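Undergrad: With my numbering, you'll find the sequence shown wraps up at 316, consecutive numbering, no jumps.
Keep in mind the hints are simulated off the structure, nothing from the lab.
A couple of the hints might just be wrong.
DSSO-like cross-link-like pairs, simulated, lysine-lysine; straight-line CA separation at most 27 Å [unchecked claim]:
(1) Lys-79 / Lys-109
(2) Lys-37 / Lys-50
(3) Lys-50 / Lys-109
(4) Lys-109 / Lys-54
Because the structure is a prediction, the values reported are computed rather than measured.
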Amino acid sequence: MTKLKDIADETGFSIKTVSRAIHDHPDIKKETKEIIMEVVRKRGFTPNWAAQSLRNQKTNTIGYIIPNITNGFFSEIGIAIDAFFREKGYSTLICFTSDSRENEIESIRSLLAKNIDGIILAPIGNRGEFIDEIPNLADTPLVLIDNRLSGPPRNYVLQDNEGNSRRLTAHIISHGHANIGFVTGPLEESSSRERFLGFCNALEDAGAIYDESLVRTVDWEIHSGYEATKDLFDHKGNTRPTAIIYGNTQLLLGGYKALREKDLLIPQDVAVASFEHPDIIDALTPCPTTLEKVE
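Turn these sequences into a full structure, and let the hints guide you.
TA: Printed below as a string of structure tokens:
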């Protein structure tokens, strides 16, 4: 089995330099690293991460906690995260919470017990007190994505949900639609709340009237998009929408099913739009309007 010393002997560099090159240390010159990594690949050398973890208290592992793997948005983020950290010598451990705060907390505790080097969390709800109550979490780098929680300042990576929603809604309005349905997730979540705000602001910008009967707030699941879409057309007294904007891909997929069952054609009878454009969107016929295409 190849050892660091073998690579050092073949390249002429010290064991310390070889180790630093393998771990992408910034002090190692690019040319030196290329020479060392060529030998590493040729010999099929794999670092003993377990032994290194015992020595330096690092596992070279990042935790990624998301509500649902079937959500294309989080899946594509996960792929990008894994690719980024893989280049840095880290692996990614994914946990699913099934939209449960109890599962969310248990996932964090489980990762901490594994001496994880950092956690990327897509939190549910809006209350952030639980984060400060988990022992030892303050000692581990934590980044929250997609949803802002209450409490003290934290590290976030967020979209411009209000601005994106405003532009998407304005695009739909520009195509002559006035009766626009809006199906989104719980408004206590910042991502959903900000998208709803952008929707309302776009209506105001265009001088259009906000119609509460055209708005549905549900959870983020496919069946909820299905039921919400049916209700938009079945509920007595509702204004019939000529376009519907969905808060995520899951809701959109449910909406497509409901519209097909009602023999409504897209976009002839109802225009359909969503904020996300994961690969699965391209399998839909006809393809909906998405923010990516608007841009």
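Undergrad: With reference to the structure, classify each hint as holding or not holding.
TA: Hint check results:
| no. | hint | result |
| --- | --- | --- |
| 1 | Lys-79 / Lys-109 | 14 Å, holds |
| 2 | Lys-37 / Lys-50 | 14 Å, holds |
| 3 | Lys-50 / Lys-109 | 16 Å, holds |
| 4 | Lys-109 / Lys-54 | 13 Å, holds |
Violated hints are absent here; each numbered hint is respected by the structure.
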